[in-house]
Amino acid sequence: MPAVSTPGAAPARASRLNTRVLVAGLAVVVPLLAVLVLNLGRDPHSVRSPLVGRPAPAFSLAPVGGGAPVGLDSLRGRPVVINFWATWCVPCFEEHAALAAAARTFREVQFLGVVYEDDEAATQAFLRERGGAYPSLVDPEGKAAIAYGVFGVPETFFIDGSGRIIDKYVGPLDRGTIATLIARAKGGAP
Amino acid sequence: MRRFGFALIGLLALASIAAPQNAPAPAAPGSPIGPPKGPPLSGPALDAGTDDVAALLRCPVCQGLSVADSPATMARNMKIQVREKLAAGYDQEQILADFERSYGEFVRLKPPMRGVNWLVWLGPVGGLLAGGAAVAWALKRSSAGAGPAETAVRASAASTASDWPSRETLPDDPRLAAAVRRVRKLAYGWPDGIPPKGLSSAP
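Residue numbers (the numbering used here), protein chains in the order written: chain A, 1 to 190; chain B, 191 to 393.
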């Protein structure tokens, strides 16, 4: 039966072409899939702060209800925790108690609140009602928030004694996380 | 050329994995953006300059909006700062660099031409060139007529014709040969399936 062997040449050619098309297609599709797989789960807003590891931006802001302005420069030598918050922010309620408790526990650390896009009267009422263990500062025109690259509230910065930002935490803090991050800020102190 | 195109696409994709906006910003502590480089603006020039710079800044609290287009408080505050800096004589690049220190490269709506960003700028042009070259190559090949693929098909057709057993030959197997003869009788009308004398061997 020597009959039907010859048409083999054409399929061989076709399969070689298909391999090339396949390789070309994979070269396009695989990197795109890799991008999707690696980045789909990422929050588009969770941009790593370029400020971590850099000197904290200076500010001098008046506390809620008036008083002498508080400047970051005057706090050199001790770790500082700066919490951006607002009364309209529900997660800020949740972390308020944890931050207040931590401020009472870690006496060597200066806690500061910076009020983000909020009314001063509402802030005063909130602090009267829930108690404030540390000063909250008014940030007119959001200058401090912009200097710290704040995307929303709550966001908290942990600064070491030399004025360098050690960590930025986005979202409500609990006591354990506060303790861990304070330990890191202390470790970086001179 | 096409390989180059694919390599470029692959590199682009890898770059987008590897560079999530944390490329080091060219900034130094102290006075990071230096002394004002331009003339202080005022009046209509200040208004126009503010809009221009705000259009290049991404509003951090919005989804894909520029500071110029966003009604958010944060965007309004950023616009105030842009205006103050332009009035003080800082130029566009200094102001963008200042916001970049806080928010990272994310804040720039137009990625600066440096590092892996070159891929973003040159990738589409490179892809277009590679694609154009591929199309030109394919067109040239098909217009040349006897392209390699076509030649192969013709060759295989020719070999099919010459290698195929002629209508006179019969298989060795007697039962199969009888069946072939019956088919030939039905198909060609040959008595007993045997070809008449003088028939050429061409099929």
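Keep in mind that the hints were calculated from the coordinates and are not lab data. Be a bit skeptical, because a hint or two may be false.
Dumping the calculated EDC-like pairs for lysine to aspartate or glutamate here, alpha-carbon to alpha-carbon at most 16 angstroms [what the hints assert, rightly or not]: (1) B:Lys300 to B:Glu283; (2) A:Lys143 to B:Glu274; (3) B:Lys300 to B:Glu358; (4) B:Lys269 to B:Asp241; (5) B:Lys387 to B:Glu358; (6) A:Lys143 to B:Asp288; (7) B:Lys269 to A:Glu141; (8) A:Lys143 to A:Asp160; (9) B:Lys227 to B:Asp288.
Pair by pair, the computed Cβ-Cβ distance ranges are [stated by the list, open to error]: (10) A:Arg104 to B:Ala235: 39 to 47 angstroms; (11) B:Pro386 to A:Leu22: 49 to 57 angstroms; (12) B:Leu360 to A:Asn18: 18 to 26 angstroms; (13) B:Asp237 to A:Arg184: 43 to 51 angstroms; (14) A:Gly65 to B:Asp242: 34 to 42 angstroms; (15) A:Asn18 to B:Leu376: 39 to 47 angstroms.
Simulated coverage check for chain B against chain A, where a stretch passes if three residues somewhere in it have a Cβ under 8 angstroms from a Cβ of chain A [to be verified]: (16) 263 to 272; (17) 283 to 292.
Fair warning: this is a prediction, and the values are worked out from it, not measured in the lab. Even for Gly, the Cβ is constructed at its ideal location relative to N, Cα and C.
Here is what the structure says about each hint:
A C-alpha spacing of about 12 angstroms is found between Lys300 of chain B and Glu283 of chain B, which places the hinted pair at or below 16 angstroms, so the restraint holds. Distance restraint check for Lys143 of chain A and Glu274 of chain B: the Cα-Cα separation of roughly 12 angstroms lies within the 16 angstroms cut-off, and the hinted pair is therefore satisfied. The suggested pairing of Lys300 of chain B with Glu358 of chain B is violated, with an alpha-carbon distance near 78 angstroms, which exceeds 16 angstroms. With a C-alpha separation of about 8 angstroms, the suggested pair Lys269 of chain B and Asp241 of chain B falls inside the 16 angstroms cut-off, and the hint holds.
The suggested pairing of Lys387 of chain B with Glu358 of chain B holds, with an alpha-carbon distance near 10 angstroms, which does not exceed 16 angstroms. Distance hint between Lys143 of chain A and Asp288 of chain B is fulfilled; the C-alpha atoms sit about 12 angstroms from each other, no more than 16 angstroms. Restraint check for Lys269 of chain B and Glu141 of chain A: the C-alpha separation of about 10 angstroms stays at or below 16 angstroms, so the hint holds. This hinted pair does not check out: Lys143 of chain A and Asp160 of chain A have alpha carbons roughly 22 angstroms apart, beyond 16 angstroms.
Taking the CA atoms of Lys227 of chain B and Asp288 of chain B, the gap is near 14 angstroms; set against the 16 angstroms cutoff, the hint holds. Checking the proposed 39 to 47 angstroms range against Arg104 of chain A and Ala235 of chain B shows it is violated: the Cβ atoms sit about 54 angstroms from each other. One distance hint, 49 to 57 angstroms for the beta-carbon pair Pro386 of chain B and Leu22 of chain A, holds here, with the actual separation near 53 angstroms. In this structure the hint that Leu360 of chain B and Asn18 of chain A lie 18 to 26 angstroms apart at CB is violated, the actual value being about 39 angstroms.
For Asp237 of chain B and Arg184 of chain A, the Cβ-Cβ distance of about 46 angstroms falls inside the hinted range of 43 to 51 angstroms, so the restraint holds. A hinted range of 34 to 42 angstroms holds for the C-beta pair Gly65 of chain A and Asp242 of chain B, which are about 40 angstroms apart. Restraint check, Asn18 of chain A to Leu376 of chain B: a C-beta distance of roughly 40 angstroms satisfies the suggested window 39 to 47 angstroms. Here the region 263 to 272 of chain B counts 6 residues with a CB under 8 angstroms from a CB of chain A, which clears the bar of 3, and the coverage holds.
Counting residues of the region 283 to 292 of chain B whose C-beta sits closer than 8 angstroms to any C-beta of chain A gives 4, which meets the bar of three, so the coverage hint holds.
Checked against the numbered hints above, the structure violates hints 3, 8, 10 and 12; every other hint is satisfied.
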